[in-house]
Every structure is written in structure tokens, then in C-alpha cells.
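Since the structure of chain A is already known, use the hints to place chain B on it.
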Amino acid sequence: MHESGDVKIPIGPQHPALKEPESFLISLRGEKITASSVRLGYNHRGIEKACEARSYTQCLYLIERICGICSHSHSTCFAQGVEEVAGIEIPSRAKYMRTLIAELERIHSHLLWLGVAGHEIGFDTLLMYTWRDREVVMDLLATLTGNRVNYGINTIGGVRRDINAKQKEEVLKAMDLLEDRTKYYIDLAQNETTLLKRLKGVGVLSHDDAQKLDAVGPTARASGIERDVRKDDPYAAYAELDFKVISVNTCDVYGRTLVRLGELMESFSLVRQVIAKIPDGPIAVKVLRKIPAGEAVSRYEAPRGEDLHYIRSNGTEKPDRVKVRAPTLANIQSVSKMLEDRYLADMPIVIAAIDPCFSCTDRLVALRDAKSKEKNTVAWETIRLNGIHWHKHRGVDFTSLNKRLLKTFNA
Amino acid sequence: MNEENIKQELVDKFAYLKDMLIIKRKGRIFAQVPLDKFEEVFVYVVKQMHFLALSAITGLDRGDGFEVIYHLNKEGKVLLNLSVLLNKENPEVKSVISYCPSADLYERELMDLLGIKVIGLAPGHRYPLTDDWPKGEYPLRKDWKGHSHLEAQNA
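Taken in sequence, the protein lines are chains A and B. Letter by letter, the first sequence follows residues 1 to 411 of the working numbering. Letter by letter, the second sequence follows residues 1001 to 1155 of the working numbering.
So here's chain A without its partners, still in its complex pose (with noise of 0.2 Å):
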């Protein structure tokens, strides 16, 4: 509760702390937190009604922009509902890829979330470190879908891509590389003194707390709930796949981040069991566009938890509900306990930990040329090479470092 003799102060909605727009009003006393309170809602884009007015193709792609990180999470979590109404049984081969691109992603967004948890304790050489290597896996979705954020792999009945022998090849160095990083990552968790100390006892949610407020993903498992869907209720390969659910009892942001760790490690070791076990087959069946009537709920282990779809069909080719309950919806609510009595400096660090949900895409293929307006269309790699010339350019050269890099990888 706000009390008058407490100072208040409203953080955001717009605001350089926090990365995407949400409102917290604080109430402090001295430097302490006594209370703070949350508003929701700056982002809403009506997606849920959009859907009502779209095919179940469309609200494919819709779904798959709710969120710039999780985007395979979202698309997989919708196409699974809506297969089960229909009653479709995908391929295996499709399961393995969607197995797959779910990983690979959980390996970026975790790298990515240690980086921003870098930034916000204020170590930007870890966020500098993270985010090169976290280019290794973004590439690697590139070459696999196609997009470095909204894959479009999946489809109603199936993927759109499939995987050949000279790919399998490149996802599996790119694996030996990230776990030689990760393990370098989890030395420095366990023994750098600046991530102990600024960690450690910051943004407690005890055990029952966590029970309490139904928080999901790493925020849970950090505080001893050992729950995650890819166990609890398997979908896609993972009931054929070998791995341990991670989770700690230290209820801080230290924990949050082994956890996460723990993770990449798994992860690692997931996406090399898909790469050998994928077996031959079709990767899409047919699906009429219109889906029987019925209703599901599917369930999904996003990066940051668990992502829920309600689907409900009214015999149509176009939803007649579609409701989603993203992680951090469950896990935001945890956010106001973590900050109880905790010092406003801690504030950006605890928001972070939960690793809330924010948009990061963009993409440059097309060109227009300002003077002719001719429109040219450049590669990927082009730019990123032109981006290192520009560097070079003014003075910053990665060469030696990339080298060594390299060195490392190939030893």
C-alpha cells in the first residue's frame, strides 16, 4: 500500500530505465522501496479481436509478431491449438524442426537476457560479450528459416523449411562454439566478484510467494518450482528427447541467471539429440481452411515461461476466440513482491530479471538509392560487411579479437 508520508515516484511510462513502455509508481522511504504498484496496457494492440476477422493462416503470422523474441513460441503455441481442434497429427520430421527452432531460440533470448542483465548492474563488457556470440545462433536462424526474428517456419499442419546435411553441419559447431562461451559465462557467474555481489539477495521471491502468485519459467524454477512445460506436458519432440529441468533454491536474481545458464547448457545438448535423431519424412500435411468446431489449450515453454493459447473455433475458416497469456503476464505480478524493502537502485535489475518481454526487430534487405529511387536488394552478409568497414573506418577494428575468436572455436 501507498502511504502519504512515503515519497512517490512515477517510473515510466516512458522512461530510460525500461525498455518497453510500462508504468511503476514507487513509494519510497529514504532509498527503500515500501511500496510500488504496476500499470499494463501501454503496448495493447488488440490482437486477440484482430484475430476474430483473419483466417487461422493469417492469425499465423499476426500471432507470431505478438512478441519480437519469442516470436516461435507464440506461432508454435497457436498452431498447436488449432491442430488439435482439427484433430491433425503432424508429421515427426516437423515436430523435431519446430523442436529445433524452439531451441535455438531460447539460446538467443538467453543470451540475450544475460547481456541486458549486464547492462542493468552496469558490467556492459558481459552485454558487449553476449550479444557478439548471440549473433552466432541469430545467424544461424537466418539460415534456417530465412529471418533473424519472425522465422515464418511454421504453418497450420507442419513447417515451411526444411533442414539439409550441409545446415545440420553448421547448427553443429555453431553449438561447440556457444557452449565453449556458455561454460566461459558460467565460470564468471560462479566467481566474478561483481556479478556475486550484485546479484546475490537482490529481488527475493520465496518459494510460497512464487507458488502464490503462479509465477513461470526461470523466475519459478529459480525459487525451487521445478515445473516446465516441455516435461509437464511435452509437445512437439520433447517426450523423445533427454533433459533436465533446471532450478535452484536461492530465490534471487543469482539464481535467475544459473538457471538460465543451466538452460543454455541443456539447450545445447537438445538441439545436437534433434540434429541426430530428426527422421526422414514430410514436414507439413494439408489442412482444410476451415477447422471444425471445438476449443483447446495449449500450452508452450517460452524462453520466459510458460506461453498459454485459448483457441476456440466456431466451424469456420476464421477463430471465433483466440486468447493468449503471454509469461510475463504471470510472472509481472511477481515483480512488486521481488521489490518489497529493496533499495530503488535495485529496481532496474529486478525488472529485468523476470526478462519482460521487448521488441527487437528490424531488418534492412531493400535499399532505395536517394537520387534515382532505383530499389536494390542487398544481402544480409553485404551489409553486415559494410557495417565492419564502417567501423574499421573510424577507428574500431575487431579483426584480432574475431581471430581469436575463431582460434578458440578451432581448437
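Heads up, a few of these hints could be off.
In the DSS-like style, the derived pairs of lysine-lysine whose C-alpha atoms are separated by at most 27 Å in a straight line are [unchecked claim]: (1) A:Lys231 - B:Lys1074; (2) A:Lys212 - B:Lys1037; (3) B:Lys1024 - A:Lys286; (4) B:Lys1117 - A:Lys49; (5) A:Lys290 - B:Lys1026; (6) A:Lys318 - B:Lys1142; (7) A:Lys244 - B:Lys1026; (8) A:Lys212 - B:Lys1047; (9) B:Lys1145 - A:Lys318; (10) B:Lys1026 - A:Lys231; (11) A:Lys49 - B:Lys1094; (12) A:Lys286 - B:Lys1026; (13) B:Lys1088 - A:Lys49; (14) A:Lys290 - B:Lys1142; (15) B:Lys1074 - A:Lys212; (16) B:Lys1088 - A:Lys318; (17) A:Lys318 - B:Lys1024.
Hint data in this document are derived by calculation from the structure and do not stem from the laboratory.
What follows is chain B alone, placed relative to chain A:
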């Protein structure tokens, strides 16, 4: 406890659920509960059967009335979906926030997007619509075609 046991326990306790309860597949139970019996079933399910986590609340417009579905889960494994039907003229449900603290945002969503009255929910920020959203406009209702408030603003 598997799905059949859950079904059996519920039907034994509440005979009127006999034909309203369906096991759709492993981990998915759907049950339609009469509105006047909803609270007793909900409390029993949460307190006695330990469906402690509320995953979400879905509201929807059926045309002739509304439906509210409570997605409860037990240790993350079994999802029990309890639904109630509300009339079109005066749709209202009781808040479940005293049993499930996480219900807050989901219940505010029912109020904002469908205009369902939630009795017993403490006043607070609205969610998810803007503070200046016009009164009586509920976007998830099927008869809402949008833009009427924008037209009024521009007129």
C-alpha cells in the same frame, strides 16, 4: 492423481457435473459449471483438490451471452478448465482473487474488454485499455465494430 480420478472425485462431490465434464485428452479437463454453483466448485477444486495455480481467465462473447473460463492447473501437469455462462443483459461474476491472488489482471481484462462486472475486485488501475477509453465500449464483444469513439472525437 490422473484425469479419470479427478473426474470421478468431482462427479462424486457435485452430481450436477456428471454430463458437463469432459476429458479432452491427457492433461486437459473441461467442465461447465452452473453459475449459482460456481463458487462452491471453485473453492473445492482449489482448496481440497489443490489446483493451486490459475494460469489464466478467458472471457468470450457467445452471441447470446458470455462465457468465462478459468484455467486452473495442478503442479503444472493437469489443466482443469472451469467455465460459466453469463447472461447478455447483466453479466457478472464473483472475483476469485481471495483464492488466487494472480487473478487480478485477468479479471480486470474481463471488465475492460467484455464489460463483465467482477464483484469484489478492489478498485485499481484498469487493464489493458487506456484511461481515456470511452465508457460502454467493449472491444471483445462481437457487436463491437470499433472506431465509434474515434469518429466521435473527430466529429
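Hint check:
1. For the given pair, A:Lys231 sits about 14 Å from B:Lys1074 by alpha-carbon distance, which is consistent with the 27 Å threshold.
2. Of the pairs offered as hints, the one joining A:Lys212 and B:Lys1037 holds, with about 25 Å between alpha carbons and a cut-off of 27 Å not exceeded.
3. With a C-alpha separation of about 24 Å, the suggested pair B:Lys1024 and A:Lys286 falls inside the 27 Å cut-off, and the hint holds.
4. Between B:Lys1117 and A:Lys49 the alpha-carbon distance is near 20 Å, which keeps this suggested pair within the 27 Å criterion.
5. Note on A:Lys290 and B:Lys1026: the hinted pairing holds, with a Cα-Cα distance of about 25 Å set against a maximum of 27 Å.
6. With a C-alpha separation of about 13 Å, the suggested pairing of A:Lys318 with B:Lys1142 holds against the 27 Å cut-off.
7. The hinted pair formed by A:Lys244 and B:Lys1026 meets the criterion: a straight-line CA distance of about 22 Å does not exceed 27 Å.
8. Taken as a hint, the A:Lys212 and B:Lys1047 pair is honoured in the structure, with Cα atoms around 13 Å apart against an allowance of 27 Å.
9. Pair hint B:Lys1145 plus A:Lys318 holds up; C-alpha atoms about 16 Å apart against a cutoff of 27 Å.
10. Restraint check for B:Lys1026 and A:Lys231: the C-alpha separation of about 14 Å stays at or below 27 Å, so the hint holds.
11. Taking the CA atoms of A:Lys49 and B:Lys1094, the gap is near 25 Å; set against the 27 Å cutoff, the hint holds.
12. For the hint linking A:Lys286 to B:Lys1026, the alpha-carbon distance of about 25 Å falls within 27 Å, and the restraint holds.
13. Restraint check for B:Lys1088 and A:Lys49: satisfied, since their Cα atoms lie roughly 19 Å apart, inside the 27 Å limit.
14. Under the criterion of a C-alpha separation no larger than 27 Å, the hint pairing A:Lys290 with B:Lys1142 is consistent with the structure, at around 20 Å.
15. A distance of roughly 13 Å separates the Cα atoms of B:Lys1074 and A:Lys212; the hinted pair therefore holds under the 27 Å criterion.
16. A C-alpha spacing of about 23 Å is found between B:Lys1088 and A:Lys318, which places the hinted pair at or below 27 Å, so the restraint holds.
17. Pair hint A:Lys318 plus B:Lys1024 holds up; C-alpha atoms about 22 Å apart against a cutoff of 27 Å.
The structure agrees with every numbered hint stated previously.
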